[in-house]
Amino acid sequence: MKFTDFSKYKVGRADELKGTDRMTYRALEMLPGLLSWGTILGAIIASYFIPLYAAIFIIAFDLYWFLKTIYLSLHLRHNWKRTLYNMNLNWAEMLNNLKYEHIYHMVILPFYKEGTDVLETAISSLIKAKVNRKRVIVVLAAEERAGLEAKERAESLIRKYAPQFGHFIITIHPKDQPGELAGKGSNISYACEEARLRVLDTQKILYKDVIVSAFDIDTIVYPQYFSCLTWNFLTHPNPYRTSFQPVPFYNNNIWKAPALSRVVAFSGTFWQMIQQERPERLATFSSHAVSFQTLYEVGYWQKNMVSEDSRIFWNCYLAFDGNYDVVPMSYPVSMDAALAPKFWQTLKNVYKQQRRWTWGVENVPYILFGFIKHPRISLSKKLKMTFVQLEGFWSLATNPIMIFLLGWLPVVIGHGAFRASLLSYNLPIITRDIMAVTMLGLVMSAIISMSLLPKMPKGIKGIQKVWMALQWVFVPITITIFGAIPGLDAQTRLLLGKYMGFWVTPKHR
Amino acid sequence: MRPMSIKKRRTFIVIFFALFIILIPIVILYSLGYRPGGGFFLVKTGGLYVHAPTSGVTFTMSNGNKENLGLFQNGFFVQNLIPNDYAVSLSKEGYYPWAKILRVKPQLVSEAFPILIPRDLKLTEIEKTLGVATTSSIKATTSKVDNSEYKRVSGLFALATTTANLPLQKIKNKVEIFAKGDNIFALWNGDYSDIPLSFCTYDICEATSTVFEAPGLKYIDFYPNRNDVILITSVNGIVVVEMDKRPLQNIFPYYPVRGSEFRVDTDGIIYVKDGDRIFIAGV
Numbered sequence: 001m002k003f004t005d006f007s008k009y010k011v012g013r014a015d016e017l018k019g020t021d022r023m024t025y026r027a028l029e030m031l032p033g034l035l036s037w038g039t040i041l042g043a044i045i046a047s048y049f050i051p052l053y054a055a056i057f058i059i060a061f062d063l064y065w066f067l068k069t070i071y072l073s074l075h076l077r078h079n080w081k082r083t084l085y086n087m088n089l090n091w092a093e094m095l096n097n098l099k100y101e102h103i104y105h106m107v108i109l110p111f112y113k114e115g116t117d118v119l120e121t122a123i124s125s126l127i128k129a130k131v132n133r134k135r136v137i138v139v140l141a142a143e144e145r146a147g148l149e150a151k152e153r154a155e156s157l158i159r160k161y162a163p164q165f166g167h168f169i170i171t172i173h174p175k176d177q178p179g180e181l182a183g184k185g186s187n188i189s190y191a192c193e194e195a196r197l198r199v200l201d202t203q204k205i206l207y208k209d210v211i212v213s214a215f216d217i218d219t220i221v222y223p224q225y226f227s228c229l230t231w232n233f234l235t236h237p238n239p240y241r242t243s244f245q246p247v248p249f250y251n252n253n254i255w256k257a258p259a260l261s262r263v264v265a266f267s268g269t270f271w272q273m274i275q276q277e278r279p280e281r282l283a284t285f286s287s288h289a290v291s292f293q294t295l296y297e298v299g300y301w302q303k304n305m306v307s308e309d310s311r312i313f314w315n316c317y318l319a320f321d322g323n324y325d326v327v328p329m330s331y332p333v334s335m336d337a338a339l340a341p342k343f344w345q346t347l348k349n350v351y352k353q354q355r356r357w358t359w360g361v362e363n364v365p366y367i368l369f370g371f372i373k374h375p376r377i378s379l380s381k382k383l384k385m386t387f388v389q390l391e392g393f394w395s396l397a398t399n400p401i402m403i404f405l406l407g408w409l410p411v412v413i414g415h416g417a418f419r420a421s422l423l424s425y426n427l428p429i430i431t432r433d434i435m436a437v438t439m440l441g442l443v444m445s446a447i448i449s450m451s452l453l454p455k456m457p458k459g460i461k462g463i464q465k466v467w468m469a470l471q472w473v474f475v476p477i478t479i480t481i482f483g484a485i486p487g488l489d490a491q492t493r494l495l496l497g498k499y500m501g502f503w504v505t506p507k508h509r
Numbered sequence: 510m511r512p513m514s515i516k517k518r519r520t521f522i523v524i525f526f527a528l529f530i531i532l533i534p535i536v537i538l539y540s541l542g543y544r545p546g547g548g549f550f551l552v553k554t555g556g557l558y559v560h561a562p563t564s565g566v567t568f569t570m571s572n573g574n575k576e577n578l579g580l581f582q583n584g585f586f587v588q589n590l591i592p593n594d595y596a597v598s599l600s601k602e603g604y605y606p607w608a609k610i611l612r613v614k615p616q617l618v619s620e621a622f623p624i625l626i627p628r629d630l631k632l633t634e635i636e637k638t639l640g641v642a643t644t645s646s647i648k649a650t651t652s653k654v655d656n657s658e659y660k661r662v663s664g665l666f667a668l669a670t671t672t673a674n675l676p677l678q679k680i681k682n683k684v685e686i687f688a689k690g691d692n693i694f695a696l697w698n699g700d701y702s703d704i705p706l707s708f709c710t711y712d713i714c715e716a717t718s719t720v721f722e723a724p725g726l727k728y729i730d731f732y733p734n735r736n737d738v739i740l741i742t743s744v745n746g747i748v749v750v751e752m753d754k755r756p757l758q759n760i761f762p763y764y765p766v767r768g769s770e771f772r773v774d775t776d777g778i779i780y781v782k783d784g785d786r787i788f789i790a791g792v
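Order-wise, the sequence lines are chains D and R.
Going by my numbering, the first sequence opens with residue 1, and the numbers climb by one from there.
Going by my numbering, the second sequence opens with residue 510, and the numbers climb by one from there.
Incorrect hints may have been included.
[As the list claims (entries may be wrong)] Restraint ranges, calculated between C-beta atoms of paired labels, are given here:
#, chain 1, residue 1, chain 2, residue 2, range
1, R, Asp700, D, Ala60, 44 to 54 Å
2, D, Val466, R, Glu658, 46 to 56 Å
3, D, Trp467, R, Cys709, 49 to 59 Å
4, D, Ile70, R, Pro615, 26 to 36 Å
5, D, Leu41, R, Val552, 32 to 42 Å
6, R, Gly579, D, Lys465, 27 to 37 Å
7, R, Asp703, D, Ala60, 21 to 31 Å
8, R, Thr520, D, Asn238, 24 to 34 Å
These are calculated hints, taken from the structure and not from any lab test.
Here a beta-carbon is modelled for each residue, glycine too, at the ideal position from N, C-alpha and C.
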């Protein structure tokens with residue numbers, strides 16, 4: 001039996017199941033939160049009762065974090081060079097040696113209530129891209145729940161831009177569908193199926209020849225995106241068992257975003273760049289591409305959960321018995337950094353966006369449940385993936401808190417003989433010194449971020465460039481408040497069964 | 510350009526793992542106070558921490574170590590010290606120097622909480638009467654009225670006079686000081702595990718201790734914001750005495766005028782009375 005025929009293949013959460021499966025899935029939902037809270041509470045309790053051992057653990061942890069930071073920054077540096085190299089490479093020329101004329105690009109642009117300017121910027125970037133546009137199928141995926149205005153906006157755009165592309169369709173995802181969660185996953189799945197029926201089948205286009213780029217509405221493609229994607233697709237030995245992941249640059253509006261939002265945005269990009277050098281840990285994220293054939297086989301994106309972008313990878317991973325990969329393209333697409341008209345609203349949006357992203361932890365119970373049920377994936381693969389996923393979410397939610405907040409705890413709450421020990425005096429000094437040396441790595445972050453900035457728009461003062469470099473001093477704050485805390489927030493919600501809905505990040509430029 | 514090769518990544522992992530394994534014992538042993546001794550041996554060292562009561566102070570140690578208080582420092586921490594007794598002192602221009610002999614023990618930090626007392630006490634007199642200006646249609650005149658603040662502070666001194674024959678006793682943060690004859694004693698009323706340093710000599714801590722003998726003892730109280738330093742009125746005037754039993758016990762003249770008295774109010778302000786005159790002492 002194919003795993004796609006397994007009745008629980010597209011389970012979204014525990015309450016969709018019954019009996020033992022429900023209990024198992026629920027326990028797995030609780031696991032990431034229990035691990036993270038267990039670590040934090042364990043550190044607090046140990047700091048009080050056994051401060052000596054807690055202090056030794058914290059010093060070891062500081063050192064681990066320090067070395068891990070250097071290790072990851074080596075990956076970042078390599079990917080930075082590779083991304084810049086790929087951006088300067090003539091991909092069209094690379095394609096000359098390949099037969100690529102049969103390839104179609106389907107671009108799905110899901111939107112909700114975003115304005116025409118946002119939609120037009122995305123479509124304009126497709127026009128500017130170096131691609132045979134007759135072989136581009138644009139799917140503007142609107143939501144019925146967004147009302148008539150959204151539909152009208154889409155229709156005005158189709159009148160304006162349809163002649164520029166081979167195919168340009170609008171899909172209106174009906175609201176309140178049973179078993180669906182209102183959000184991107186249900187919208188793009190509906191749009192993809194509509195495109196199949198209205199374009200691929202009517203035009204007799206082979207599913208295997210279509211590469212689907214599932215974008216956000218603020219996604220802007222760089223000129224050679226399609227050439228790069230086509231080359232990666234055609235040169236891959238098994239392109240139908242592979243997703244293709246560009247590097248997300250959150251810099252469409254970077255010059256207008258406040259420093260905290262910029263640091264969070266770049267940190268997100270940097271993390272994805274690091275992961276691009278560790279493809280065995282890479283899952284699809286945000287804007288990504290995959291063969292239509294593959295999508296059709298797995299039934300498109302899941303409609304009943306929030307993190308459809310990463311879940312599609314896991315759907316495929318289970319469907320194809322663990323023989324599924326992500327190809328890191330190391331070529332960018334750009335999106336918006338979280339921004340609102342007011343500073344505090346921007347920070348709120350940053351937090352909510354990060355929480356939605358870290359809600360990707362909902363994949364953990366899905367993966368582990370799938371591993372329990374799947375007979376054909378090797379145990380070593382299952383164990384490795386389980387470790388990678390659990391360690392990833394655990395690190396995200398606990399490491400910054402451990403480093404920046406709990407590092408001093410044994411000194412503050414430890415009592416008795418510990419307070420007079422040399423260790424209690426050395427703990428804050430060693431923690432501080434290791435942090436200081438680690439923070440030197442931020443110089444590299446500043447250099448890389450400066451090299452990835454788009455051209456400074458008119459009306460922005462030159463001093464802003466200096467702030468762009470200095471902003472990195474906020475990292476200890478951003479990775480705690482906009483990294484660990486929303487991560488812990490998401491894990492706690494999953495632990496308590498308070499499931500999140502899809503939150504659309506408001507777009508401001 | 511290719512992604513970082515698996516081989517290169519594995520090499521990095523091996524290098525960083527090896528570094529972690531090598532550095533962990535070094536950093537932990539260092540934190541615990543182990544330092545290289547002769548040959549391949551490690552010796553256990555200790556440290557000391559001297560709190561700085563104010564800015565601009567200079568710390569000096571018997572081993573020649575001298576240090577000025579930095580901008581973001583609130584004390585002096587010295588480690589890598591072979592267990593022994595070390596004389597330390599704290600000085601600041603215009604203040605009596607503070608000194609102490611601290612015993613450094615292996616893997617432990619000896620702490621000290623110095624107090625610095627100004628050589629020239631800054632005094633602000635509270636006037637007995639205040640001039641009040643009155644203006645009529647013909648001329649402006651000034652008349653004298655009693656100063657209510659003077660009256661209030663005089664009350665503090667008067668109150669104590671009525672209990673002068675009773676044993677003097679004060680309690681602050683579980684530390685009790687009391688006088689019997691000319692002797693002043695201190696008593697720790699909390700858990701033994703939380704006993705303050707001022708009740709300890711180098712090796713033992715005792716819940717009761719004799720703090721000082723002051724001939725003609727009249728009055729005692731805690732120095733503001735401290736429960737290990739006391740103010741005493743005796744025949745020689747007002748002195749500040751440190752309770753810390755480790756040598757040297759620091760005793761500083763505060764207002765060395767015979768017949769003077771002091772009171773500390775609930776806000777921690779020290780009032781000095783000399784004859785009929787009452788002053789606010791700068792702390």
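Hints not upheld, ascending by number: Those not satisfied come down to hint 1.
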